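Student: My request is simple: use the sequences and hints to build the entire structure.
Those protein sequence lines, which keep their order, are chains R and Y.
Sequential numbering of the first sequence, starting at 11, is according to my numbering.
Sequential numbering of the second sequence, starting at 11, is according to my numbering.
A few of these clues could be false.
Which copy is meant is left open, because identical chains are indistinguishable; a pair holds if it fits in one copy or across any two.
To be verified - The list that follows gives simulated cross-link-like pairs (lysine to any residue, SDA-like), each with its CA atoms no further than 20 Å apart: (1) Lys251 x Phe262; (2) Lys356 x Ala132; (3) Lys251 x Glu175; (4) Lys264 x Ile227; (5) Lys124 x Ser92; (6) Lys73 x Lys292; (7) Lys100 x Asp157; (8) Lys292 x Gln268; (9) Lys292 x His223; (10) Lys202 x Asn180; (11) Lys292 x Glu272; (12) Lys77 x Thr302; (13) Lys251 x Arg222.
Simulated from the structure, these hints should not be mistaken for laboratory data.
Just so you know, these numbers come straight off a predicted model, no measurement behind them.
There are 2 protein chains.
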Amino acid sequence: MRSGCTASVVLWRRMLKRALFSSPHPSSSYIIGPNYLPDVWVQNNNTGRRSGVHYSTGHNAAKIDGKSIAQEIRLRIASEISRIKSAIGKFPKLAVVLVGDRRDSHTFIHIKLKACEEVGIATSVAELPENCTENELVHVVSRFNEDPTVHGIIVQLPLPPQLDEEHIINFVSPEKDVDGFHPLNMGNLAMKAREPLFIPCASKACIELLLRHGVEIIGKRAVVIGTSKIVGLPTSLLLQKYHATVSTVHAFTKNPEQITCEADIIVSDVGIPNKIRGAWLKQGAVVIDMGTHQVKDPSSQHGFHVTGDVCYEEAIKVAAAITPVPGGVGPVTISMLLSNTLDSAKRAFRLA
Amino acid sequence: MRSGCTASVVLWRRMLKRALFSSPHPSSSYIIGPNYLPDVWVQNNNTGRRSGVHYSTGHNAAKIDGKSIAQEIRLRIASEISRIKSAIGKFPKLAVVLVGDRRDSHTFIHIKLKACEEVGIATSVAELPENCTENELVHVVSRFNEDPTVHGIIVQLPLPPQLDEEHIINFVSPEKDVDGFHPLNMGNLAMKAREPLFIPCASKACIELLLRHGVEIIGKRAVVIGTSKIVGLPTSLLLQKYHATVSTVHAFTKNPEQITCEADIIVSDVGIPNKIRGAWLKQGAVVIDMGTHQVKDPSSQHGFHVTGDVCYEEAIKVAAAITPVPGGVGPVTISMLLSNTLDSAKRAFRLA
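Tutor: See below:
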């Protein structure tokens with residue numbers, strides 16, 4: 011086990027210090043969970059240009075700035091954790107389980123641990139080798155389930171093929187399932203008149219961005235592209251809880267652009283860079299891009315650039331508002347993990 | 011406690027006897043759960059006539075005969091139960107919990123008990139008074155949860171207002187939740203790569219009717235009207251598991267007919283008699299009507315007639331196929347309860 015620790019936190023701490031004396035509001039409840047398991051879509055050569063679609067030339071879509079929204083949420087969370095610590099001497103703790111050596115998993119965990127550190131959430135990391143057994147992994151999860159100082163548990167996905175992901179997720183206590191992937195939490199998210207203990211973070215981030223941007227959801231036509239448990243499914247369910255009329259588009263959908271171009275709100279979890287073209291969008295739609303892809307780019311310093319599912323250059327000419335990639339849903343998703351962990355701790359401390 | 015017992019079973023038993031010697035196939039796995047909790051729709055004076063909609067005058071929609079499909083399923087279930095009994099001397103048992111004196115609840119229970127009796131499923135009925143406490147109800151459910159001779163438990167809904175329906179459903183063991191309303195089963199239904207132990211019966215009936223009628227689901231546009239846990243929600247989730255492109259329409263949807271008229275498959279759980287007019291349908295759509303309403307009718311012998319959500323006379327002129335009410339989804343839904351109970355018993359007997 012190791013404790014997550016990072017640099018560049020100094021500046022953030024200064025901001026936090028200011029926030030502690032200026033932000034009296036408690037953190038509202040949000041969510042987290044950014045491991046993308048995209049649907050299997052076939053990449054096509056569709057140019058995205060469809061006759062009859064009007065690209066406005068003057069006005070570009072408003073950019074929904076996830077970075078600053080995420081920062082604001084984190085400042086509030088940090089402030090609330092600080093107050094709880096002062097009042098009762100306790101603080102939230104997140105346990106992270108990491109199996110194997112996938113570079114992307116290590117990067118995600120690094121980002122999560124850094125974010126925890128910034129807001130005052132303690133962390134405990136269990137690293138297991140790539141070839142570990144299911145029993146070994148279950149044992150680690152059990153220990154975190156039983157540890158009363160741990161309020162949230164995340165098992166970084168994907169797992170190596172010898173491990174049954176569904177079985178492991180079933181094993182995480184629903185009371186500490188801050189990723190919101192346990193079927194009990196998913197069922198309570200799906201069902202009317204019920205509230206899950208946790209909602210998957212990317213979906214909570216999506217709704218947060220819409221609400222903060224003043225987008226009315228009730229009665230609107232929403233199309234979610236993708237059905238993964240991490241993004242597409244819970245986002246469809248959550249939009250429905252907010253009374254949107256939701257259509258779910260996936261790899262088996264014929265002519266998906268005929269459905270997406272009717273949507274007031276479009277959420278993409280398609281998993282292919284630039285798949286969603288301008289012609290897929292209705293004039294004035296709000297676009298939430300849940301994709302994050304590294305695309306080879308020899309002209310870039312790192313040899314790649316980061317892009318989303320949506321062809322941004324085309325979309326901004328049609329949409330009313332859009333999340334950029336990077337700097338859109340991603341940082342808010344991390345803030346939602348912090349928020350879920352804080353909420354869980356408050357329940358444990360009997361403060362919620 | 012009383013044992014469910016009915017008349018008019020003699021004829022059925024004769025048919026069963028024949029089936030026992032003629033039907034070698036084991037029962038396939040289906041589902042159950044027919045308590046309709048409709049969305050709150052506003053009744054309107056929409057005539058349902060929209061310019062541009064073509065009503066064919068010659069050809070009427072094919073009637074999807076739920077009654078005969080239900081009978082076929084029940085014969086197979088009875089045959090399988092008979093074989094199990096002969097082989098190991100054991101049989102499935104369904105426990106039914108009934109609170110209060112609602113006439114419709116008593117009617118539903120009567121139908122379910124009769125169906126159980128016909129196929130050889132034993133029953134145990136616990137009746138509690140209208141003013142019973144939650145503790146008393148929980149105690150009864152616990153007893154059934156712990157009874158190894160009980161394989162399925164249904165708590166007839168709705169419950170009196172002093173009882174928390176969600177809390178009671180949570181209390182039913184997911185392994186005996188033959189209605190499929192437990193959030194754990196609903197979550198597993200919602201999530202890709204998972205299978206719930208039970209799927210709500212009305213939804214399973216819907217898919218059964220589609221498949222038996224030879225309707226291709228994969229890639230088709232499906233619209234489900236309604237989001238109740240009993241019908242609308244699980245039907246949306248199940249259609250999605252069969253790779254339909256699903257849109258869910260509800261009371262907050264503006265101009266729902268603009269969405270329904272694009273559907274290849276339309277499932278109605280709207281809860282208002284004759285709400286779905288011919289103009290809401292695409293030419294050649296398949297219509298599954300999940301509604302059952304008693305409409306006052308002085309000209310009828312009983313003072314009412316039974317109708318569905320769909321205006322049948324208009325719909326048959328547009329649709330390719332439609333379930334009638336009565337005689338459509340209803341009887342198959344009951345068969346799915348029997349099927350779920352049998353499946354549960356087979357798991358308990360280690361035959362599945």
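Student: Hint by hint, say whether it matches the structure.
Tutor: Status of the hints after comparison with the structure:
1. Lys251 x Phe262: between (25 Å within a copy, 11 Å between copies)
2. Lys356 x Ala132: within (14 Å within a copy, 47 Å between copies)
3. Lys251 x Glu175: Classified as between; 19 Å across copies, 27 Å inside a copy.
4. Lys264 x Ile227: between (26 Å within a copy, 12 Å between copies)
5. Lys124 x Ser92: within (17 Å within a copy, 63 Å between copies)
6. Lys73 x Lys292: Within one copy, since 17 Å is at most 20 Å while 38 Å is not.
7. Lys100 x Asp157: Within. Shortest intra-copy distance 15 Å satisfies the 20 Å Cα cut-off; inter-copy 44 Å does not.
8. Lys292 x Gln268: both (10 Å within a copy, 16 Å between copies)
9. Lys292 x His223: So Lys292 and His223 pass the 20 Å test inside one copy only (18 Å; across, 36 Å).
10. Lys202 x Asn180: Result: close only across copies, 14 Å inter versus 22 Å intra.
11. Lys292 x Glu272: both (6 Å within a copy, 18 Å between copies)
12. Lys77 x Thr302: within (15 Å within a copy, 51 Å between copies)
13. Lys251 x Arg222: Within one copy only: 17 Å inside, 33 Å across.
Checked against the numbered hints above, the structure violates none of them.
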